[in-house]
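Protein sequences, first through last, are from chains H and A.
Each residue of the first sequence is one higher than the last, beginning at 17 in my numbering.
Each residue of the second sequence is one higher than the last, beginning at 3 in my numbering.
Certain hints may be false.
[Stated by the list, open to error] Derived CB-CB ranges, DEER-like:
#1 R276(A) x K148(H): 46 to 56 Å
#2 F165(A) x D68(H): 51 to 61 Å
#3 E9(A) x P196(H): 48 to 58 Å
#4 K91(A) x S233(H): 29 to 39 Å
Keep in mind that the hints were calculated from the coordinates and are not lab data.
Glycine included, C-beta positions come from ideal geometry on N, C-alpha and C.
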Amino acid sequence: MNFYNAPANSSTALRQVIVSLAAKAGTGHISSALSMADILSVLFFETMSFHDGRLKDHFVLSKGHGSLGLYSVLYLKGLLKKEDLLDYHKNGSKMTTFPGEPFFNGLDFSSGSLGHGPGVACGLAIAARNDKTEKNIYCLMSDGECQEGSIWEAALFAGHHQLSNLHFIIDFNRLQAIAPIKDVLNLENLAEKWVSFGWDAEYVDGHDRTSLMKALSKKSVSKPRILIAKTVKGKGVSFMENSIKWHYLPIKDEFRDLAFKELGL
Amino acid sequence: MKNALVETLESILGSDTSTYLLTADLGFMALEPLLEKYPDRCINVGIAEANMIGIAGGLARAGKTVYCYSMIPFITLRCLEQVRLQLAKAQLNIKLIGVGAGYTYGVQGSSHHATEDIGLIRALPGIAIVCPGTAVEMNKCLMESHKKPGPFYIRIGWPTHPFEEDDLAIDDISEPRLINGSGDAKHILLSYGPSLGSSFAAVNLLKQREKHVDLYSLASLRPINWDRLNKIIENKSIGFIEPNCKEGGFAEALALEVVSKNIPIQKLVHLNYRSDYFQVAGSNKFLEEKNNMHPEGISDFLLKEFFNEAD
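Only chain A is shown next, with the shape it has when bound in the complex (with noise of 0.2 Å):
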């Protein structure tokens, strides 16, 4: 997925000169390349991200496309009014790329996990919100942040269990996507981001089982097709498996679209990171399997929420 995001900010900014890449001094063993061969265009700001998102603010008005690079939580949390003003406020054409989703930099202690982004993003108005799940769905996503104007969010972690796809055509990121299953099963699994590689292993855990359920990737959560998700979804059993704390997660989005539209449903169920913080040091696998959100965690949970089996 790293190569992915790269080789396609690369190919965006060997395009369109007007495009530039601002980098709150992260990006190490990925970004070098581009620093080097578009000094003008890609900058090292600095550990200012405040700053980096009012510069990225200037430039923008100036007619400029600006992605700027960070760490969730240094790109979110650390410079939300600015995102705020510059972002949701001003509607400019700045796209977020925020690194570490969940628990991507799990060792690195709680100050560095991100499970409260989307909530925060999603609270602001007017931005859209992209999490790849896989290395095609990163080069759809970030080509699609370059072709529509306005303000993104492009939120990634690395999974702890990637998967390979085939690069098939997305013609829409903001469809739901079938990426496990026949299409037909009664029970629907959703995810996105770096949850997405384990609900798939997920699925194939409980394909061995005889037990079947369609995994959808939800690669954009802002805009989303919701017409088609609630079609998807309705008379279904429903599992959501979310990288992110449930306090404003889309998990709370799609609960209140089916209740506001009464959307006919059999049951919706759901795992989140948790609310609180972890106060141990954990690799990402190991973080994952403590939230029970790794595939056997989710497998289990969906053998007892779906097909009322015990394991």
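Isolated chain H (complex conformation) (with noise of 0.2 Å):
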């Protein structure tokens, strides 16, 4: 079965390869891969740095669910073999939900329990200025993941010590697990709550990824930078668009013929 049709560093590859994969494995989480994948195809086709088929940058994944876009990516860059891929869920093998240890080439840690990955990305932040290296860092968060505590720990210490060469996304698709984000714990003014914790924090469309490029090509001169990505859960299969109830849901029969159809499957 071919995944994928479109050319392997499109958004379309990446959605496709998501969708055949989480039908494959029957598995959910598809909606929330699916609004990350314009930001991961631009972050591992554009904008970091590899060094023969080696991450040079560091990327951190901490909305661990979006695993499904994060092995698609890793897939069609060539970091992670298409057996391993078809091992997905699969009784035995490595490739659970929430990526684990040990690590995949171009990942540094991922979690599933929220608001883990910041803490992390800080300490490889250090790092890499103090050993006086020209790498970034890069860590992907979901929205709903920013009612952890921890996620504000980090924010603060990033402030504080002026990582600038620390870049995170959040991937801002308005809906959390099993509610709207405004009617659980409200998120407006996020970037004013950033810019307050030290950060350099700036709106872009997590679907355009020109201005996904352009924003992540940016570095300040002594302030993180956070890119609050405004996307649509589901992006690009039209029934799981903004639909709380494919967070979890596996796609199945009709209703995966027709994502199929829709991503030109």
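Assemble the dimeric complex from its two separately framed chains, guided by the hints.
Written out as structure tokens, the structure reads:
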């Protein structure tokens, strides 16, 4: 089965692989992966540095439930073999929903428990700065994850220590697991919150590759940077877009066929 | 012991530029010289223990050895999931230094007491657990933690009855070590950490009554040389004085070892810290006495259990 027919470095190809893999494995968390597909595609194909097939920068996936997207982009980038990708969720394979240890090439840390990534990213940033490297550290988080207190511990630390090699991206799709964010713990004025912690913050269209590339290429002199990427959960599959239920549901039968059709598979 | 802690840390930091020390704003009158001397590598991360363990995870992934310092309740209970993921699961080179074992910070109240942490860390796989009871053991445990890759939990408490020992060569901290007695007594006492000094004094009290007990220190609870320990306790009466509550404590592990391997022993008795929380203020000494784990309490307990004598 061909998982994709679009150019590997395109967002469409990434969405095709995400949905194909999810359908094959009968697994959920699809819409979370689709909402961050453009961000991942730009990071791995345009922004981050690679040398001899290995990531030179660091990447931390703090929203581990988006692993479908991560595995898919690693595969498209040639960092994960197809036979490993096909092991996703198979008994005995290392391809769990939430990526674990040992690490995959192109992944420094990921966790299913939300709120863990930013602290790890801060440690990587301190080490990179003290070692006088040019490495940048990218950490992709969810918006609902900002309800975890540990996020703000890391935000304070990075701002205070002026970790300008640190780049956070929030997949701001406005939906958390079982309800809209505004109905649970409102996160309006999110950029202002980060700015008050000593960060440069910028809103960006999380589905516009050009805007993402431009925003990710910026670097502050003495501040960490955060992009609040406005996204649509389930982007690219019409019936999943902005729908709470597709956070968890697996895709089957007529829904699978419809999603494949919409994605050009 | 505090001097040994700081001096050994300074020695490690001075000899290895890839070693970091993080503190969650604790270490008053102890860590300040290190923070001043190595500002890039010794960082007060603020009152944020979960973030401290996360930062340690990032540093360790970049090839650093990272010591994290705080009071025990905050560096175990407060950030247990971070410890689970960064130390137990990822097996990174992170060394937790927890201070305040047992009732070291007695008058502060039960939020600052540490009586359950041995069980918490024992439940997480792959983390070495060392509990120095003397300045010499402090030095050896810290040096061992630096020498051996992987996660460590260094549990520190200030003893109510400290004693000096010569700086003897301790080849292997996982070996139970005879520290008081002849080595051929019928009765064995095992202890560690802040209870070691009180146990040492209790054995001396018994000596005054012509009662002989051999005291062994278990400076390392994991790994521990079980073969050696099983030989020591074989056919003996065993007392275990443990500065932790019995739930999840090392006495449980010892009992399981004895039963599962059918080790022939005369009896196994133990004193542990109480399982509930003190609701009153009290010094380390006061609360130790309330647990009957001061030298006289231990001595009386052993007179009854080992020698059938009620004082």
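Outcome of the hint check:
1. R276(A) x K148(H): 46 to 56 Å: holds (53 Å)
2. F165(A) x D68(H): 51 to 61 Å: holds (58 Å)
3. E9(A) x P196(H): 48 to 58 Å: The hinted range 48 to 58 Å holds for E9(A) and P196(H), with Cβ atoms some 56 Å apart.
4. K91(A) x S233(H): 29 to 39 Å: holds (34 Å)
Checked against the numbered hints above, the structure violates none of them.
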